[in-house]
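S.K.: Now that you have both chains on their own, put them together as the hints suggest.
Now for the letters of each chain:
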Amino acid sequence: MNIYIKTSLKIIVVVILIFEVLSYLLTKKVNKHYSDDELRQTALSRNMSSIPSTYNELLKLVDSPENKLSKDKIELGKNLFFDKTLSKDRDISCDTCHMIEKDNKENKTFSNMLLSKNKDSVKDCVVCHLSDQSGTDRLGAAIGHNQQVNPLHLNTLSILNSALAKHQTWSGEVQSVEQQAGNSIQDPYKMNLSVQDAQQRLSQDNSYVQMFEKVFKDQKNPEAPTLTFENLQKAIGAYVRTLLTRSDYDKFLDGDDNAISQEAKKGLANFMNFGCKGCHTGKSVGGQSIQKFPLRDYNSFLDLTNTFSENTKGRAVSQVSFNFNMSHPYPFENIGGFMGKNSQRLFRVPMLRNVTKTSPYFHNGSVAKLRDAVHIMAKHQLGMNLTDTQTDEIVAFLKTLEGDIVNYSIEDEGKL
Amino acid sequence: MKTKHIKTYILLIFITGLLQLDFLKIDWEYFKYIQALHILGSVIVTLFLLVPLVNVHVYKHLIVKKENSINGLLLGIVLFLITASGFYLFLVGNRGGDLFGIYSFDIHLYGSFLLLIALFMHTKKRINPTLISSIIILFMGTLFYPTLSLGDTSNKLTNIQLEENVDRYHIEDWTNSAKCKSCHTEIFNQWADSNHRHIAETNPYYMVMENLAAQDKGQGFRKWCMGCHNPSAITTGQDKTTHTMNDNIMPDVLFESGSAALIDELKTHGNSRLEQGVSCITCHRITKTESKGNSSYSLDVTNRKKYVFEDSNSQVSQWLDEKFINSNPKVHKESYSNPIYKKSTYCASCHDEFLPDSNLSVVATFKEWEKSPFNNPTDLSKHKNCIDCHMTNLKDDKFSPLKGSSTEGGKIKEDVKVHYFSGSNHFLSGLKNKVNEDQTIQLLKSSAKLDVAIKDGKIEVGVKNVGAGHHLPTGVADFRELWLDITLKDKDDKVVFESGKLKADNNLGEDARPFMKIFGDENGVPVGLLFWKYKKLLSDTRIPAGERRVESYDIKEELQYPLTATVKLNFRVYPQWVTDAVKRAYPQLPNPPVVELNKIEKVFSKGTFN
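Sequence lines, in order, name chains D and H. Mapping of the first sequence onto my numbering: position 44 corresponds to residue 44, and the numbering continues sequentially without gaps. Residues are numbered in my numbering as their position in the second sequence, beginning at 1, plus a constant of 416.
Okay, chain H solo, but in the shape it has when bound (with noise of 0.2 Å):
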């Protein structure tokens, strides 16, 4: 094999890398086939040509003949990153979500011009200037047409697609959710108060939220919180969210139940009243997602099939239009279902979250479960979904898969999904029901489990995530506090060490140690409530999926014993810090609660080590 052959391939190989620039917008149908050729011809080029070729060579003249060739030592770094590079990009991926990526995919774009110099100086004969020129010159336009790849999408700050040919919605190619609740009543009111419901307009905290961004980040930003919180509102060309006023009185919804304020809206306005926040329609026309986060879900809501008076808002055609979904009601479950529906890839579309600036990620609820024991794909009987844990029903502190039917009327199915959407927020959902707060605290306390110890003047508490398939906390954790509430007495019943107790002003002592991430600022200076500014992950104590933390404190070596200890693992859903700026805006909010997850108390006589 002559090297002239070797430098050919190369020479090909870097032509089809070029010819997949972003500025040459080149048919898909042919790019397809070029992105191809260029993956695996380098890969079968790499593998059976240059690394055998590149060993031969490299000994013959470095090793045995000694010869000292910096063109020839340039030319094997330049070969060697751009080959690691390369399988980085085949293998990994430029996803976006990693700087590796990124990093790799810039090596491989621009070291390959460099490798190309490299490579046609590495002769024994006189060096072509004008050759080594064309190359630099074709270098610099790569500069001005910079092709990030995915890197660039992650700037958007929503991913959202829309069906083709459609920039936006009209509010009434939207449905009213309460419209479903005719047929669905079950899962209507199990959504009604769930978190989905109130994820946006209804509130609080994301409203103060959302206002904070625009104000910190200028307006446009909000489109980064409403890409996921408020699809219908981004998608019918809403620049924010807005909370409805009846005349000069806001509507209290924190404390309605059964979303009766939509209902009513649905009977006085019909469809041509904006519904905010994750409707039915939202979640159930996602076609496609992507799992990249940042709302990267295709929507297609205008493409479903409609019986003759499923627009209409009189009610004889209302009732018209129920009885004409009854008598053939596949078509209209094909319109609302979808295999990926039960996936959590489907989830990640939104509960996963990164910086659109940084592609820092904030949120990785979904990337921790692909890394968890949850995610078993093997072995199909220790693989649990998102809904398997997230959307089944709980009794009695355990998952109790709900006997019913979807429909009013409906097959009975052994499971039916419900839609409380238990996860941890349990306060906001429990203002408007108690039903679905018990379904998230139940939930909760599957979640961990403690073992106390005490030994070398140490007491050491174990908290071991049993119960969740990602981090606990997970989503939101630099505003979530779940800690460890510790009380000592000796003989005498005398408190002789203790941790984790509230402060007067109802916050959480500062010797506490939760189980959270901190973000800080590019000073190292927490960022408190502005989260969109991290640029440094301070701590990071959460707890893995499996995985046990142990957490040990000194106590006084001289103690009376028998000692009784007492450990509670609490939890409240935002800290009182928190909850205080919220309530500036939303004075009528009550404090959330602290919920105990789980308890022990054990008594250590003399000598005991465990």
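In isolation and in its complexed conformation, chain D is listed as follows (with noise of 0.2 Å):
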């Protein structure tokens, strides 16, 4: 008896040591390290791809057979883009939420601003916010007509890229820009203007009316009214098509080693490895899919918040109690009490593109800092922990998505 226990003992030291010393001696496991090369093969072979830099190549992208881009279009389009006549108190255009600047090649729109001599001229935010050339206003909730806020509280979406998007809207049941530019103007939280009203607006201005006859005018059918909202919605869809950004990172997708830093390589292979790319994928790096968020539902019966605490980078422990309702559907809180799709927390996946410019974060804009939505969005959705470093060089790739609009040089077919 005693030796058997002896033994034992005996073997299950020398298992214990084996087993200590094991993992000294077994090689360690050599890190796959992409080089620049290899991590470019990876990103193009699984659709992720840069931004045309050419019209050429972004009408091959961008057009419709729907709505066929042409140079006097995209003209109107750009016109009606900027025109507060389309909303009913005439205060707001699609640039108010939707910040971007008429003229996009001067860099000095800042400057302009600040220095100019008309005391009207706008002031506050926009006075920044004009200049960084997001094409949303930074808000935690859209304001719209009558300085309301969404009912939803749900923020304005990035116009930039918004075209690559198979969906647009947070929900992601609008499928086309041209369908969202009309749902905008009628929208009561938006612009508020009818239909009629906005008709009837745009043909009482001789410039629009001969520039609608000159873009609509249909060969076949000379009759049919040119001035209508269909067509309205289909200018502002085709300069909307227009509005891409080029950054670092199609710099780099195009061949220039140096574009991104070694870090921003770092997160890039991460971005891919970890999975974040399944659903931001595309050139637009996301926009091209439905997606339920959270997808891990870590909602128990004994419920402890509601709240994402940033100290603990989950949960804050701020109420105990028993959850027999969803009523905590978001690891942040839920302002504006916004479902998703049919209610049940789909979400169109969001564009990363210019991410750096379109804080805060989430439909709601719970979350003000890109770390914590990385952080975020790699427990709830990949089910990871990621570490300082992995955060860091992930938001060191995302930096490299901020771009500048392209400044296309338009051309209509027949000219090019």
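To be clear, the hints were calculated from the coordinates, so they are not data collected in a lab. Here the structure is a predicted model, which is why all the values come from computation and not from measurement. Heads up, a few of these hints could be off.
Unchecked claim - Quick list of in silico lysine-lysine cross-link-like pairs, DSBU-like style, CA-CA up to 35 Å:
#1 H:683 x D:379
#2 D:357 x D:84
#3 D:357 x H:683
#4 D:78 x H:999
#5 D:117 x H:919
#6 H:633 x D:251
#7 H:572 x D:108
M.R.: What follows is the structure, given as structure tokens:
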């Protein structure tokens, strides 16, 4: 008996020793490091590609048979985009929320605004935020007609690159930029202008009548009215389709190894390996599908919180209660109570291009910092707790997605 | 002494010089001795061998024998340049701030090859072409690897050095200043409304300027501003200064006193949110300063001795932490104080500012102080450091050291250094706290004295800088207004002359002569807001420390005496046109008031000349 115990003890000691030593004996697993070219090839093979830099390539990408792009149409759309006539009180134009500059070739908006002698020119937040060309207003929730805050506390999505998305808006229920342009004009919380009023207002303006005539005159059916709401949507849509941005990330994909930093390259590798690119994919780095958020339902019967704590990077233990209702749908404060498509917490995957310019994050703007947003996404969509370094690297990669609107030299096809 | 020996010495000096080139990357242990050998060796060789020999040689050949040697002349000129630049580098140095240093360095480096060639050509024998060509090749090599010494560090946008093996900090490495409040309440409250606290995200003027710089010079240029204005953000890898948002509302921090939002933030978010601006930790964890300006300081935030619960956010452990510190405060005190904090060289790391691309000096407060009578290391009773004026309590317009303790229940000190950081910007701190404003205005009022005289059809006003150990105004003197407001009335109380009045739009009248410097671009056009475009100094009418400037104005000769002259020295912290620009982005910002620093009234009966 004694001998058995002794031998088994010896065996246990030996086994433990073997395990102890084994980790030193075995060669460490070598982490795979992508070379710059491998990284690029991997990205390209996984449906991530760059934004075109010429108008010809742009046409191949965004031109649709329903709304053929032409120089005049884009010009008309641009005028409409910046025209306050399209809101009920004539105080809001598309660019009020989707802040961009009409003439984006000039890099002097900010200094011109600061030093302009015109006392009535725009004041406050706009002065700085127009110059960052983000295509959004950086508010927690959009503000529209009559200073009303969006009832669901949804914030403005960037207009930039939106034409590349398969689905529009937070819930993804809108299919095209043309359709969404019409929705925004009619939405009582946005511009609040009816179809009839819009047509009537534009028909009073002679230059618009002529431009619509020039752009939409149908040779087969010359009697058809040209100044219609549908054509208005098409014109704005045509302009929006040209609002694409190119960034350092595109330069990297196009072959410039030095366009992005080493840290950003690691971030890109993480982005692909961890599975972020599974949803945030395509040229637009997102916007291609509708997915559930949060994917991992962390609510339990014993509920602890409905807020996201930045200290613990998890739920804040602020209240302990039994959870009979599903009242805590998000890992952050549920301001506005928006529940996504069909109230199933289904969201259009947001586009990550220019993500550094579109804080605050998530549909209700509850998360202010990009690092926290990355952390939440990794935890609740991928089931990973990222280390600080991994988060840093991903954030460094996301920073490379920040770009400027491409100034396409727009010419009609015959002239190209 | 044979010339051959001298040539060998020069060759040795040349080689020790070459060894100091950057691209050889000589180990510091050897480098430091090579440098010492090079400098001391060449000084000894020059003074005791070279100069006497050259004297004798030149006398013999040029004056007695009347030889006409072009080689010799060339060698003489080059030798002179090398020696002069060498002595400049030795005695003044190449500190990056002055162009002479950089020129001297270039002359010394590139000229040395010329010297070598000239040296070997200056011989009676036939010149060996391989020798000359190998020197030329060597020379070409240095062109590819120019070693500009300090000239190139100034091209960096920031010069902050972090501790070893640390590239950047995590946000939680910084400690929210509100954490210091519970024990250092008085000091915290002074700082909370001071200009050091409100130097970044909460300062409308700064926010507009940083964004303007980014638009004009590219986003990366923000780093130049952030090195001093926002050390916590730049060392945690943030690219820009960002203001906080409270959902759709931007919290109005302009009028909030006591940094209430910062205290709230610590309560709700613990230490996980970044505090921007110059925090307690920023200054109290600087370990070294190079006093070169443009954020040339070394930080060490991570290697401080912390007590067990120092990083904890829960209330219980924070309470415990305080008890732990108070029971053994020595370690805590040592962690956050350093003898260098009392020296002016410490402040110099930020209160000197130069353009990163051209090295042109924009702000030179420290350098002005260095040359002023306030810097008097030989007579310490007259020596005044930055903190002797800017961190000393003022009462009834006089320095009156505050007796008390810097810690709750701490040792009573005779002169507690106050943290109002009074300078000239009374306005922004005054929106938050009148005590801070009052301290600054008292300091401002102690700075200058006025005198007035009428003679030869002129009214002459003298302004003497009596209180400031630097120019008046200093700092961003291109954005400061200090001017004379003069009113001259005759017997019938009728105004016969005036100058320095504000126009209807609140801007200073064109006739005023503000004491300031005006920056111009390469075409001599004033740069306005874009001060980083500065290439030429258009004018500099500031008053150096201890000096008196006289402004004289023509008045009509036939005047009804007695005349009454009222002269005010007025100060406005920002010109109206600057405030107007900032108000485009921050409409709630009020206009900075005009502060009367000094005033005299004098009656001149006919014939008075003084």
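S.K.: Take the hints in turn and mark each one as holding or not.
M.R.: Hints and how they fare:
| no. | hint | in the structure |
| --- | --- | --- |
| 1 | H:683 x D:379 | holds (25 Å) |
| 2 | D:357 x D:84 | holds (25 Å) |
| 3 | D:357 x H:683 | holds (28 Å) |
| 4 | D:78 x H:999 | holds (30 Å) |
| 5 | D:117 x H:919 | holds (16 Å) |
| 6 | H:633 x D:251 | holds (21 Å) |
| 7 | H:572 x D:108 | holds (26 Å) |
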